[in-house]
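S.K.: Going down the list, the protein sequences come from chains A and B. Take 1 as the starting number for the first sequence in the working numbering and just add one per residue. Take 1 as the starting number for the second sequence in the working numbering and just add one per residue.
Rather than coming from a laboratory, the hints here were simulated on the basis of the structure. Cβ coordinates follow ideal geometry from the N, Cα and C atoms, glycine included. Fair warning: there could be bad hints in the mix.
What the hints assert, rightly or not - In the DSS-like style, the derived pairs of lysine-lysine whose C-alpha atoms are separated by at most 25 Å in a straight line are:
hint: 1; chain 1: B; residue 1: K239; chain 2: A; residue 2: K48
hint: 2; chain 1: B; residue 1: K239; chain 2: A; residue 2: K51
hint: 3; chain 1: B; residue 1: K171; chain 2: A; residue 2: K48
hint: 4; chain 1: B; residue 1: K99; chain 2: A; residue 2: K48
hint: 5; chain 1: A; residue 1: K324; chain 2: A; residue 2: K290
hint: 6; chain 1: A; residue 1: K36; chain 2: A; residue 2: K48
hint: 7; chain 1: A; residue 1: K290; chain 2: A; residue 2: K699
hint: 8; chain 1: B; residue 1: K121; chain 2: A; residue 2: K36
hint: 9; chain 1: B; residue 1: K277; chain 2: A; residue 2: K48
Unchecked claim - Per label pair, the in silico range of CB-to-CB distance:
hint: 10; chain 1: A; residue 1: I59; chain 2: B; residue 2: S279; range: 34 to 44 Å
hint: 11; chain 1: A; residue 1: H39; chain 2: B; residue 2: N153; range: 20 to 30 Å
hint: 12; chain 1: A; residue 1: T756; chain 2: B; residue 2: R263; range: 48 to 58 Å
hint: 13; chain 1: A; residue 1: Q763; chain 2: B; residue 2: E249; range: 19 to 29 Å
hint: 14; chain 1: B; residue 1: V135; chain 2: A; residue 2: L62; range: 45 to 55 Å
hint: 15; chain 1: A; residue 1: N55; chain 2: B; residue 2: V135; range: 28 to 38 Å
hint: 16; chain 1: B; residue 1: S279; chain 2: A; residue 2: L62; range: 35 to 45 Å
hint: 17; chain 1: A; residue 1: N55; chain 2: B; residue 2: R263; range: 30 to 40 Å
hint: 18; chain 1: A; residue 1: H39; chain 2: B; residue 2: R59; range: 49 to 59 Å
hint: 19; chain 1: B; residue 1: V135; chain 2: A; residue 2: H39; range: 52 to 62 Å
Listed here are the chains, written in short residue letters.
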Amino acid sequence: MFENIFSSSPSVWAGLVAGAVAIPILIHLINLVRHKTVHWAAMEFLLKSHKRNRNYIWIKQLLLLLARIALLLMALVLLGQVGCDGDRISRLLGARSTHHYVLLDDSFSMSQRGDNENDPAAFDRAKATLSLIARRARDRQNQKFTLLRYSKVPVDQIQVASSVDEVNSVADIENILVDSQFEALLETVKGTLELSWLNVGIEAALKRVSTLVDERSDENAIVYVLSDFRSKDWETTKRIADDLAAIRGADGAIELINCATTTTANVAIVDLQALSNVRVAGTPLMMQLKVKNFGTDPVSKVQARVSTASFSQPNIPEGLSSRKEDLPTVFIAEIAPGETQTRNFPVFFETVGTHAVTTELKNDGVTADNLRHCTVEFAASSKVLMIDDAEQLNSDFLSLALSPNGSTGVEPVFATKDFLRDATLESLTEFEVIFLLDVDSLDDVSVRKIETFCREGGGVAFFAGPKSDISFYNRLHNDGRGIYPIELQQAVEITEDPSSTAPDFQAAIHPIFAPVNRQKNTLLDLVSVEQVIVPTRSWLLQKPPGTEVIASVRGDSKRPLVVSSALGNGRVFACTTTAGPVWNNWARNATFPPIMLLMHDFLAAGRQTANNQLIQTPFALNVDRDAFLPKAQILKPVADNQPREQMELILAPTEDGVLTNQISGAAQTQSGDEFDVQRPGVFDFWLQKSAGEFSVIRKSFNVDVAESALTQISNAKLTNQLDAAQPALSQWNTFNPEPAVRQASSMTHFFLILLTVLLIAEQWLAYSSSYHLS
Amino acid sequence: MPDSKRFLHPEAIKRIARMDLRARHVVEGFLSGKHRSPHFGQSVEFRQHREYAPGDDLRHVDWQVWARQDRLYVKQYESDTNMRVNLLVDVSNSMNYGKGAFSKFEYAATIAVSLTYLVLKQQDAIGCLTFDAAVRERIQTLSRKTQMQAIMNALQSTQPANKTDLSGIFKQAAETFPKRGMMVVVSDLLSDVELTLKGLRLLRQRGHDVLLFHVMDDDELDFPFTGPTRFEGLESETKLACNPKALREGYLESLEEFLNSLRRGCAQSAVDYALVKTSDSIDAVLASFLSSRMEVRR
Numbered sequence: 001m002f003e004n005i006f007s008s009s010p011s012v013w014a015g016l017v018a019g020a021v022a023i024p025i026l027i028h029l030i031n032l033v034r035h036k037t038v039h040w041a042a043m044e045f046l047l048k049s050h051k052r053n054r055n056y057i058w059i060k061q062l063l064l065l066l067a068r069i070a071l072l073l074m075a076l077v078l079l080g081q082v083g084c085d086g087d088r089i090s091r092l093l094g095a096r097s098t099h100h101y102v103l104l105d106d107s108f109s110m111s112q113r114g115d116n117e118n119d120p121a122a123f124d125r126a127k128a129t130l131s132l133i134a135r136r137a138r139d140r141q142n143q144k145f146t147l148l149r150y151s152k153v154p155v156d157q158i159q160v161a162s163s164v165d166e167v168n169s170v171a172d173i174e175n176i177l178v179d180s181q182f183e184a185l186l187e188t189v190k191g192t193l194e195l196s197w198l199n200v201g202i203e204a205a206l207k208r209v210s211t212l213v214d215e216r217s218d219e220n221a222i223v224y225v226l227s228d229f230r231s232k233d234w235e236t237t238k239r240i241a242d243d244l245a246a247i248r249g250a251d252g253a254i255e256l257i258n259c260a261t262t263t264t265a266n267v268a269i270v271d272l273q274a275l276s277n278v279r280v281a282g283t284p285l286m287m288q289l290k291v292k293n294f295g296t297d298p299v300s301k302v303q304a305r306v307s308t309a310s311f312s313q314p315n316i317p318e319g320l321s322s323r324k325e326d327l328p329t330v331f332i333a334e335i336a337p338g339e340t341q342t343r344n345f346p347v348f349f350e351t352v353g354t355h356a357v358t359t360e361l362k363n364d365g366v367t368a369d370n371l372r373h374c375t376v377e378f379a380a381s382s383k384v385l386m387i388d389d390a391e392q393l394n395s396d397f398l399s400l401a402l403s404p405n406g407s408t409g410v411e412p413v414f415a416t417k418d419f420l421r422d423a424t425l426e427s428l429t430e431f432e433v434i435f436l437l438d439v440d441s442l443d444d445v446s447v448r449k450i451e452t453f454c455r456e457g458g459g460v461a462f463f464a465g466p467k468s469d470i471s472f473y474n475r476l477h478n479d480g481r482g483i484y485p486i487e488l489q490q491a492v493e494i495t496e497d498p499s500s501t502a503p504d505f506q507a508a509i510h511p512i513f514a515p516v517n518r519q520k521n522t523l524l525d526l527v528s529v530e531q532v533i534v535p536t537r538s539w540l541l542q543k544p545p546g547t548e549v550i551a552s553v554r555g556d557s558k559r560p561l562v563v564s565s566a567l568g569n570g571r572v573f574a575c576t577t578t579a580g581p582v583w584n585n586w587a588r589n590a591t592f593p594p595i596m597l598l599m600h601d602f603l604a605a606g607r608q609t610a611n612n613q614l615i616q617t618p619f620a621l622n623v624d625r626d627a628f629l630p631k632a633q634i635l636k637p638v639a640d641n642q643p644r645e646q647m648e649l650i651l652a653p654t655e656d657g658v659l660t661n662q663i664s665g666a667a668q669t670q671s672g673d674e675f676d677v678q679r680p681g682v683f684d685f686w687l688q689k690s691a692g693e694f695s696v697i698r699k700s701f702n703v704d705v706a707e708s709a710l711t712q713i714s715n716a717k718l719t720n721q722l723d724a725a726q727p728a729l730s731q732w733n734t735f736n737p738e739p740a741v742r743q744a745s746s747m748t749h750f751f752l753i754l755l756t757v758l759l760i761a762e763q764w765l766a767y768s769s770s771y772h773l774s
Numbered sequence: 001m002p003d004s005k006r007f008l009h010p011e012a013i014k015r016i017a018r019m020d021l022r023a024r025h026v027v028e029g030f031l032s033g034k035h036r037s038p039h040f041g042q043s044v045e046f047r048q049h050r051e052y053a054p055g056d057d058l059r060h061v062d063w064q065v066w067a068r069q070d071r072l073y074v075k076q077y078e079s080d081t082n083m084r085v086n087l088l089v090d091v092s093n094s095m096n097y098g099k100g101a102f103s104k105f106e107y108a109a110t111i112a113v114s115l116t117y118l119v120l121k122q123q124d125a126i127g128c129l130t131f132d133a134a135v136r137e138r139i140q141t142l143s144r145k146t147q148m149q150a151i152m153n154a155l156q157s158t159q160p161a162n163k164t165d166l167s168g169i170f171k172q173a174a175e176t177f178p179k180r181g182m183m184v185v186v187s188d189l190l191s192d193v194e195l196t197l198k199g200l201r202l203l204r205q206r207g208h209d210v211l212l213f214h215v216m217d218d219d220e221l222d223f224p225f226t227g228p229t230r231f232e233g234l235e236s237e238t239k240l241a242c243n244p245k246a247l248r249e250g251y252l253e254s255l256e257e258f259l260n261s262l263r264r265g266c267a268q269s270a271v272d273y274a275l276v277k278t279s280d281s282i283d284a285v286l287a288s289f290l291s292s293r294m295e296v297r298r
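Starting from the given sequences, assemble the full structure and let the hints guide the process.
M.R.: This is the structure in C-alpha cells:
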C-alpha cells in the first residue's frame with residue numbers, strides 16, 4: 001500500500017508534504033479559536049505581563065508549530081522509507097496474512113558438494129534454509145507455508161494454469177498455518193525429502209505458485225527459490241521472468257537463495273550405446289562410451305568401471321536372476337574442460353535375451369551422472385534374406401562375405417523371388433535385411449511386402465545386373481516415391497581411360513566405407529568395374545530427397561555405383577552393378593566382406609530402437625492387444641545393491657488395437673498403483689501372453705546429463721534478466737531470517753532518533769506554552 | 001423571597017461575639033464608656049452597670065458594688081461616647097469574580113454583615129455605603145437594631161455592575177462622614193493604587209480610623225490557568241487571548257508589586273490593611289483581624 005502511495009506520482013508526494021505542513025497550522029489555529037473564556041478582574045496585571053513577554057511567547061509558539069510540522073514530515077519520511085527501501089520482505093511480514101511459498105530445486109545437480117568431501121550437498125543446505133524460512137514465519141503472526149519441489153510438477157504441464165487442488169496433490173506442504181506444531185511437521189517432511197534423478201527446471205512449479213499467488217490476493221506472498229541457479233536453467237529466463245514478474249505484480253516478494261558453492265569438477269558419462277546393429281548372442285558387440293568433462297579444469301586418469309548383467313530367461317518374473325560380470329576398466333588419460341572423450345569396448349553375451357551393460361565413474365561433484373546403463377537385445381542370429389536366381393552366383397559371394405565362418409552372427413537365407421510372393425509379412429520380419437541380387441522384376445504383391453518391410457525398419461539392398469529390368473526398377477522408383485532410389489536409364493560399359501588414374505570404385509565418406517575412408521592406396525582401388533546401369537539425366541539433375549550417392553565410377557557423378565536412401569524406418573542401398581563378379585571384380589576384392597558387413601549393419605539399424613531413454617521422457621509400452629493380457633509386472637530398481645521392486649501395472653486398450661501405458665517421468669497412477677521411472681536403472685516389463693507364457697521387455701533408463709553442467713549464472717546477469725521481478729538474491733549462508741533487522745538502515749535509525757527528539761521537544765514546548773491542561 | 005440571613009454565618013458571628021471591637025484611636029462620641037473620648041466627663045447620667053471586661057478603664061469600676069458583692073462592675077452613663085462605624089463596600093463589577101464558594105462580592109458582604117452584627121451588639125452606631133464608580137446606596141450611621149436589616153437589604157439589592165472609582169468614593173466619604181469614626185473598607189482595590197492610597201490618606205486626615213479588607217480571589221493571587229484562554233475584562237472592554245502559563249510569572253510579579261505598594265501606603269497612612277482570600281474562613285479572618293487590633297490597643 002505504502003509503496004503504491006509513494007511511488008505513484010510526484011503529485012501524491014507533494015500532496016502529502018503539503019498536508020504535513022498544513023495540518024499543524026490548522027490545528028494551531030483551531031486551538032486558538034477553541035480557547036476557554038474567563039471574565040477577569042485583574043486585567044491590568046495580565047496586560048502588563050503580556051506586554052513584557054509578547055516576543056518570547058511568539059517565538060515559542062512558532063517553534064512549537066515548526067516542531068509539529070517537522071514531526072509530520074519526519075513521520076512521512078519514515079513511512080516513505082518503509083515503502084521505498086526495497087526491503088519488501090520486512091514490509092510483507094507486517095500485519096496482513098503472509099504466505100511463504102518455497103520452491104525447492106531437487107534436480108540431481110543439487111547433490112553437488114563442495115571441494116571437501118565432508119561438505120554438505122546443496123540440497124542439504126536447501127533443507128537447512130527451509131528451517132530458517134520457517135523460523136522467519138514462526139516469529140510472526142498469521143503466517144502460512146507451502147513447500148513445492150520442482151520434480152513434483154510434471155514438466156508438460158507448464159502451460160496449464162493450476163488450481164489450488166492441483167497444487168495440494170503435489171506439494172509437500174500446502175497452505176499450512178505456521179504455529180507451534182509446524183516445526184515438528186517441517187522436520188518430518190524434511191526427513192522425507194530426497195533428491196530426484198531428474199533434470200527439471202523451475203518453470204512448471206513456478207507457474208503453479210504464480211497462479212496461487214494470483215488467486216490468493218488477500219495474502220502477502222513471499223516466494224523463495226532454493227536452487228543452485230545453473231546457467232542452463234536461468235540463461236533463457238523469459239518464461240521464468242514473466243512468472244516472477246507476475247508474482248511481483250501481485251505485490252509478492254521474491255527471494256532467490258543460492259544453495260550451491262562455486263562450480264566444482266564434474267565428469268559425467270554422457271552416452272553408452274551399442275555400436276553395432278547386429279547383436280547376436282555369442283558374438284562380441286562393440287559398445288561406445290562417451291565421457292564429458294563439465295568442469296573448468298582438465299581431469300586426468302579417468303577410469304570407467306564396466307560391468308555386464310546377463311539375464312536368464314525364466315518363464316515368470318519371480319524367477320528372474322542375472323549374472324553380473326566385471327569387464328576391464330576403460331581408461332581415459334585426460335579430458336580437457338568441456339571436451340567429450342569417446343571410447344569403444346567389447347562386450348560378449350553368450351545367451352539370447354536382453355542384457356545390460358553398466359559403466360560407472362568414481363564419485364565427484366555430482367554422483368548421479370557417473371552411472372549409465374544400456375540394455376541390448378541379443379538374438380540367436382541376424383537373419384539375412386538373399387533373393388537371387390537359382391544359380392546363386394551373387395548370393396554365394398555375398399553370403400561368404402557376411403558370414404565367412406559363422407562368427408559374425410549373420411545367418412544368410414537364400415531364396416528366389418517366388419519366396420517373396422509366397423511369404424507373409426510376419427515371416428519377413430524375422431529378417432533384418434533383404435538383399436535383392438540382380439532380380440529382374442517382382443510382382444506387385446512382393447513389391448508391397450518389401451516396401452512394408454522397409455517402412456517398418458527392415459533394410460533392403462538392391463544389386464543390379466544383366467537380368468535387371470530397367471522399366472521394373474523405374475516403377476519401383478516411382479518418381480522418387482518408391483523404394484528404389486534411382487531412376488535408371490540403361491546399362492553402360494565402363495571403358496578404360498588411359499588418361500585417368502582414378503580407381504573405378506571411388507567411395508565417399510560413409511560408415512559402410514569406414515575401412516577405406518581417409519585411406520590412400522586401399523585395396524578398393526584395385527576393384528575393376530566393367531558395367532553399370534546409369535541413371536536418367538533428370539534423376540541426375542534432381543535427386544529425390546534423402547538420396548545420396550556414396551560411391552561412383554571414377555568419381556563421375558553421372559555414373560553412381562552405390563546410392564543410399566531411406567523409406568519409412570528402413571534404410572535402402574542401391575548398387576548399379578552386380579554383387580558377384582559379373583560386372584565387376586569387387587566380390588573378389590578383400591574390401592568386399594567388411595564393406596558388406598558394414599552395409600548389413602547399417603541396413604539393420606532401422607530395427608534398433610534408440611536406447612538412450614531418459615527417466616523423464618515419456619515412455620510408451622505398446623503391445624498387441626490380441627497377443628497379451630492387459631496386465632504387466634514391473635521390476636524396477638530401488639536403492640543401490642537392493643533387489644528390484646516388483647509391482648503390477650494395468651494396461652489400457654486403445655482404438656489402434658494395442659495395449660498401452662503411457663509412462664512418463666512424472667508419477668502416473670494406474671488402477672491405484674503408482675509407477676514412476678524417476679530412478680535410473682534397468683526396468684523389466686513382464687507381459688503375459690494369451691497362451692500363458694511370459695515375455696519381457698527390458699529397458700534401461702538414464703539421467704539427463706544436461707543437468708550435469710554446473711556452471712552457475714552470475715548474480716549480475718540474473719538481476720539483469722529478472723529486472724521486472726526485483727528479486728532479492730542471497731547465498732544460503734547469508735540468508736537472513738530477520739530481514740527487518742538487517743534492512744533497517746542507519747538512516748532509518750537516525751530518523752527514528754530525530755523523531756524521538758522532536759517529539760520530546762514538541763511536548764516540552766507545548767507544556768511550557770500551556771497546551772497541557774493541569 | 002430573599003434570604004436575608006445569608007451573610008450571617010452563625011459560626012463566624014459566634015466567635016466574633018466573644019470579643020470586643022476596639023478602636024485603635026480615640027473616637028469622638030457622645031457616650032462615655034468603653035471608648036476613650038476627647039470630651040471626657042461631659043455627660044454623667046448613670047444608665048446601668050455592666051460586668052467588667054478586661055480592658056475596661058479601672059476608673060469606671062463601681063467599687064461599692066465590688067465591696068458589697070465582691071464583683072467588678074463598671075458604670076455606664078447615658079451619654080457615654082459611642083463608636084461610629086461606617087462600612088464602605090465595593091460593589092463594582094470586578095467584585096463579581098469568584099470561582100470558589102464565594103464571589104468576592106459575596107465574601108465582602110459577609111464580612112460587612114458580620115461586622116454590623118458585632119457593632120450593633122455592643123450598641124455602637126454603624127452605617128454602610130456601597131459604591132462602584134459612584135455611591136450606589138447609603139445607610140445612615142445609627143445604633144438601632146434595624147440597621148442590621150437595612151444594611152443587609154442594601155447589600156442584597158445590589159448587583160455589581162460598573163467600574164470602580166475608589167479615590168472619588170473615599171473623597172466623597174470623607175465629606176459625607178464629618179464625624180470621626182471607623183471606616184471599614186471592603187474592596188478588591190483594583191484601581192489605580194496611587195489614587196486609592198490618596199483617598200485613604202484623605203480619610204485618615206479627617207480623623208477616621210480606617211480598616212481595609214482587601215478581598216482577593218485565590219485565582220487572582222495564584223493565577224492557576226492553563227490551556228488556551230481568552231481573558232475578558234470585567235470593568236473594561238479589554239480582551240486578551242493567550243496561554244496563561246506563559247504569562248503567569250509576569251502576572252504574579254505585577255500583582256506582587258501592586259500589593260507591596262498597597263501595604264506600604266497603608267502602613268504609611270496608619271491604615272489597618274488585611275489581605276483576605278475568598279477561600280479563607282470568614283470567622284477566622286475577622287477573629288484574627290480584631291485580635292490584632294486589640295493587641296494594638298493594649
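S.K.: If a hint holds in the structure, say so; if it doesn't, say that too.
M.R.: Checked hints:
1. Among the hinted pairs, B/K239 with A/K48 is consistent with the structure: their alpha-carbon atoms are about 13 Å apart, no more than 25 Å.
2. Distance check on the hinted pair: B/K239 and A/K51 sit about 13 Å apart at the alpha-carbon level, within 25 Å; holds.
3. Restraint check for B/K171 and A/K48: the C-alpha separation of about 29 Å exceeds 25 Å, so the hint is violated.
4. A C-alpha spacing of about 23 Å is found between B/K99 and A/K48, which places the hinted pair at or below 25 Å, so the restraint holds.
5. Between A/K324 and A/K290 the alpha-carbon distance is near 22 Å, which keeps this suggested pair within the 25 Å criterion.
6. Simply put, A/K36 and A/K48 have alpha-carbon atoms about 21 Å apart, close enough for the 25 Å limit, and the pair holds.
7. Between A/K290 and A/K699 the CA atoms are separated by roughly 20 Å; this keeps the pair inside 25 Å, and the hint holds.
8. A distance of roughly 47 Å separates the Cα atoms of B/K121 and A/K36; the hinted pair therefore is violated under the 25 Å criterion.
9. Distance check on the hinted pair: B/K277 and A/K48 sit about 23 Å apart at the alpha-carbon level, within 25 Å; holds.
10. Range check, A/I59 to B/S279: about 36 Å between beta-carbon atoms, so the 34 to 44 Å window is met.
11. Restraint check, A/H39 to B/N153: a C-beta distance of roughly 27 Å satisfies the suggested window 20 to 30 Å.
12. A C-beta distance of roughly 50 Å is found between A/T756 and B/R263, which places it inside the suggested range of 48 to 58 Å.
13. The hinted window of 19 to 29 Å between A/Q763 and B/E249 holds, with their beta carbons roughly 21 Å apart.
14. In this structure the hint that B/V135 and A/L62 lie 45 to 55 Å apart at CB holds, the actual value being about 50 Å.
15. Distance hint for A/N55 and B/V135: a CB-CB separation of about 44 Å, inconsistent with the stated range 28 to 38 Å.
16. For the hinted restraint 35 to 45 Å between B/S279 and A/L62, the CB-CB distance of approximately 38 Å keeps it satisfied.
17. The hinted window of 30 to 40 Å between A/N55 and B/R263 holds, with their beta carbons roughly 32 Å apart.
18. Hint check: A/H39 to B/R59, Cβ distance near 56 Å, so the stated range 49 to 59 Å holds.
19. B/V135 and A/H39 have their C-beta atoms about 25 Å apart, which leaves the hinted 52 to 62 Å range violated.
This entry does not satisfy hints 3, 8, 15, 19, going by the numbered hints stated previously.
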